[in-house]
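Please model the complete structure; the sequences and the hints are all you need to start from.
Number of protein chains: 2
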Amino acid sequence: MEDFSFYNPTNYIFGKNALDSLASETAKIGKKVFVTYGGGSIKKNGIYDKVMQQLTDFDVQEFGGIEPNPRVETLRKAIAQAKEFQPDIILAVGGGSTIDGSKLIAAATYYDGDAWDVIATKGEKIAAKIIPLATVLTISATASEVNGGSVITKWETNEKDYFSTVKVNPVFSIVNPEFQYSLPVDQSAYGVIDTFSHILEQYINQTEHATVQDRFAEGLMLTLIEWGPVVLKEPTSYSARANIAFAASMALNNLIGSGVGQDWATHELEHVVSGFYDIPHAAGLAVITPRWMKHIGLTQKLAKMAQYGRRVWGLSGTNEEVAQQAINKTSEFFESLGVKMTFSEWGISSTEVAKLVEKAVNRDPMGEIPLNEEQMRAIYSDCF
Amino acid sequence: MEDFSFYNPTNYIFGKNALDSLASETAKIGKKVFVTYGGGSIKKNGIYDKVMQQLTDFDVQEFGGIEPNPRVETLRKAIAQAKEFQPDIILAVGGGSTIDGSKLIAAATYYDGDAWDVIATKGEKIAAKIIPLATVLTISATASEVNGGSVITKWETNEKDYFSTVKVNPVFSIVNPEFQYSLPVDQSAYGVIDTFSHILEQYINQTEHATVQDRFAEGLMLTLIEWGPVVLKEPTSYSARANIAFAASMALNNLIGSGVGQDWATHELEHVVSGFYDIPHAAGLAVITPRWMKHIGLTQKLAKMAQYGRRVWGLSGTNEEVAQQAINKTSEFFESLGVKMTFSEWGISSTEVAKLVEKAVNRDPMGEIPLNEEQMRAIYSDCF
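So the sequences go chain by chain: A and B. Be aware that the first sequence starts at 1, since it is given in the working numbering, and climbs by one per residue. Be aware that the second sequence starts at 385, since it is given in the working numbering, and climbs by one per residue.
Hints are computed from structural coordinates only; laboratory data are not their basis. Even for Gly, the Cβ is constructed at its ideal location relative to N, Cα and C. Hints may contain errors.
What the hints assert, rightly or not - If you want a taste of the chain A side facing chain B, the calculated C-beta under 7 angstroms gives, among others:
id	residue
1	Met-1
2	Asn-11
3	Tyr-12
4	Lys-16
5	Leu-19
6	Trp-155
7	Gln-206
8	His-209
9	Val-212
10	Phe-216
11	Gly-219
12	Ala-242
13	Trp-346
Set out below in structure tokens:
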């Protein structure tokens with residue numbers, strides 16, 4: 001186990017009655033609330049009204065229209081509005097995209113310069129005064145509700161990158177699993193896959209004897225394997241929604257990544273793809289993960305892949321056999337959730353590999369042991 | 385899964401170089417440091433000197449002599465000293481007893497009345513101004529380094545009780561597993577048993593479908609079963625010390641107890657015992673736990689006991705068979721760590737049962753389903 005510090009000051013308020021705390025928790029921070037949200041599904045499913053009913057005693061302004069893979073071009077408009085309004089608190093009502101975008105608003109409203117600087121410097125350039133952020137979560141996937149990370153796309157240059165600082169950790173996050181009953185099947189599946197991938201990125205490492213972290217990660221994956229199929233069949237199963245929601249938050253609140261080497265090459269490879277093509281992040285992860293496992297996991301991280309196969313999938317045999325079967329199990333699991341397993345099915349041509357590799361090699365190094373160009377090409381080529 | 389909120393703002397600084405952060409973390413809070421510790425083992429093993437080297441630029445006063453099962457009689461003296469000194473921060477250097485005692489100092493120094501009021505009202509009566517608390521941990525067991533709980537004994541009336549509030553959660557806790565290399569074998573064993581018991585108290589519940597919490601709890605128990613025997617044989621195994629230390633903190637930082645029914649009858653029954661007899665808390669838990677399992681676990685919580693047997697001990701059979709074998713496994717595990725498994729071995733006579741039961745029935749209700757007098761008598765009687 002490596003040295004680490006674990007500091008996560010977000011108050012995580014979970015359950016059927018979680019939203020009842022919104023007014024009292026908000027009042028602790030201030031009066032002026034800047035409510036941010038996405039494409040408007042919260043107006044259809046009633047969550048917008050429930051939130052606003054809690055905020056009748058507050059001075060509220062709102063900004064809607066933060067898109068999936070949130071774009072700095074959109075957020076600059078929100079920042080301009082926030083500069084005018086000078087809110088005490090930003091309340092992001094939505095999923096990872098809305099929350100990620102709102103983190104940039106929190107971090108850049110009082111920054112003298114372009115908001116993209118915050119991303120480009122990985123949070124080094126940031127406003128001295130950060131606006132406190134809170135969230136009402138409507139889709140469990142990114143765990144943005146319990147961490148300081150934010151992934152933003154610059155559409156004009158096809159860049160997708162992130163910054164991360166505990167300064168934009170939500171002060172509180174309200175997670176009512178019932179709010180996810182009306183999610184489309186594909187989005188429910190993507191939430192499970194995104195979470196599973198977050199766990200693998202931290203779990204398939206070369207660190208020895210990080211037993212607590214390993215057991216927690218395995219426990220979260222077993223939870224997803226148990227409840228993932230249920231949620232697709234019974235979208236209003238509270239137990240399924242609750243366990244998936246809690247697992248998603250625990251998967252990326254820095255806990256299971258404490259004191260271990262982390263990889264994240266799969267995520268980085270995917271960010272390149274969804275920087276060019278507007279496909280869901282988790283859809284890209286589902287395609288890339290098994291290929292990353294084949295080209296990197298089986299060689300650099302065979303022992304851990306075998307542990308994964310034994311403890312998560314109950315497999316037995318030699319390390320090589322178990323690791324190979326574990327890849328198949330992972331693929332089958334994703335496929336059983338109804339997602340496409342090649343980029344071809346997404347309408348992307350394999351002639352694009354050169355373009356993807358070129359973009360990928362020009363980013364920061366990817367992976368616990370950085371991938372070389374050859375490995376990137378092998379992984380991408382296998383995805384079609 | 386039940387509704388919950390999880391809020392744990394302690395900065396948990398872990399590893400071989402964790403103490404290097406002490407000066408910078410302390411400086412964020414203030415200049416005047418009230419260092420508290422126990423019987424003086426930190427002077428023998430060098431930790432006292434290492435801490436003081438970090439604090440050369442601070443205004444330091446110290447209070448030593450906080451005993452195991454810390455007594456309000458001792459802490460009143462520390463509170464009197466703190467009232468005079470008016471520290472910016474209390475730095476508890478020690479194990480659970482020193483930290484628990486220091487929480488009372490933090491909570492009661494500016495309270496107008498006797499410190500025991502804080503305990504007697506479970507933290508309802510408490511100073512308006514709490515002194516920030518930080519810790520340097522030297523024994524992993526109680527998880528006091530990551531929670532707001534404090535167990536205090538009033539020796540003059542044989543009472544042992546607790547208060548709990550996030551207001552006395554440590555601001556930061558420094559956990560260097562190497563500091564535990566020199567612990568005596570029995571204290572190492574007690575740390576493992578105390579932690580195992582904390583997990584069981586939260587895990588053997590009647591809540592359905594709290595899968596994340598169950599998997600985390602099981603993962604922590606598997607960690608202790610793996611590393612507990614190692615630490616007794618190789619007290620300077622970093623991996624063993626690190627995993628036991630991290631597991632101990634995770635066992636009682638409110639995480640695995642979120643959204644589930646909790647029991648704690650075993651702890652309450654033990655507090656009665658160690659209120660009368662000065663035996664280590666974990667030694668009492670080792671004796672009582674298997675008897676609680678037999679008299680309560682097998683009836684009220686059979687399904688969960690069976691899950692415990694299957695997932696933690698790898699047993700198979702009917703629920704009844706697996707649950708019964710799981711009790712034996714638990715007993716054998718504790719015994720393998722070298723602890724006494726009856727109160728008779730501790731020199732306590734079975735004629736004391738009536739006294740113990742009388743004290744126990746006059747406390748707050750114990751257990752997820754409160755124990756009646758008959759059940760208490762059955763459990764205690766079985767412990768000799």
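Checked hints:
Residue-level restraint check for Met-1 of chain A holds (minimum Cβ-Cβ distance to chain B is 5 angstroms; threshold 7 angstroms). At its closest, the beta carbon of Asn-11 of chain A sits 4 angstroms from a beta carbon of chain B; the interface hint therefore holds under the 7 angstroms criterion. The interface hint given for Tyr-12 of chain A holds, since its Cβ lies 4 angstroms from the closest Cβ of chain B, which is under the 7 angstroms cut-off. Given hint, Lys-16 of chain A at the interface with chain B, holds; its Cβ is 6 angstroms from that chain's nearest Cβ, closer than 7 angstroms.
For the restraint placing Leu-19 of chain A at the interface with chain B, the shortest Cβ-Cβ distance is roughly 11 angstroms, beyond the 7 angstroms limit, so the hint is violated. Hint status for Trp-155 of chain A: violated, given a least beta-carbon distance of 36 angstroms to chain B, over 7 angstroms. The beta carbon of Gln-206 of chain A is not positioned within 7 angstroms of any beta carbon in chain B (closest approach about 15 angstroms), and the interface hint is therefore violated. At its closest, the beta carbon of His-209 of chain A sits 4 angstroms from a beta carbon of chain B; the interface hint therefore holds under the 7 angstroms criterion.
The interface hint given for Val-212 of chain A holds, since its Cβ lies 5 angstroms from the closest Cβ of chain B, which is under the 7 angstroms cut-off. Interface restraint check for Phe-216 of chain A: the shortest CB-CB distance to chain B comes to about 6 angstroms, inside 7 angstroms, so the restraint holds. At about 3 angstroms, the closest approach between the beta carbon of Gly-219 of chain A and any beta carbon in chain B falls short of 7 angstroms, and the interface hint on this residue holds. Here the hint on Ala-242 of chain A is kept, as its CB sits about 5 angstroms from the closest CB of chain B, short of 7 angstroms.
Hint on Trp-346 of chain A is violated. Least Cβ distance to chain B is approximately 32 angstroms, over the 7 angstroms limit.
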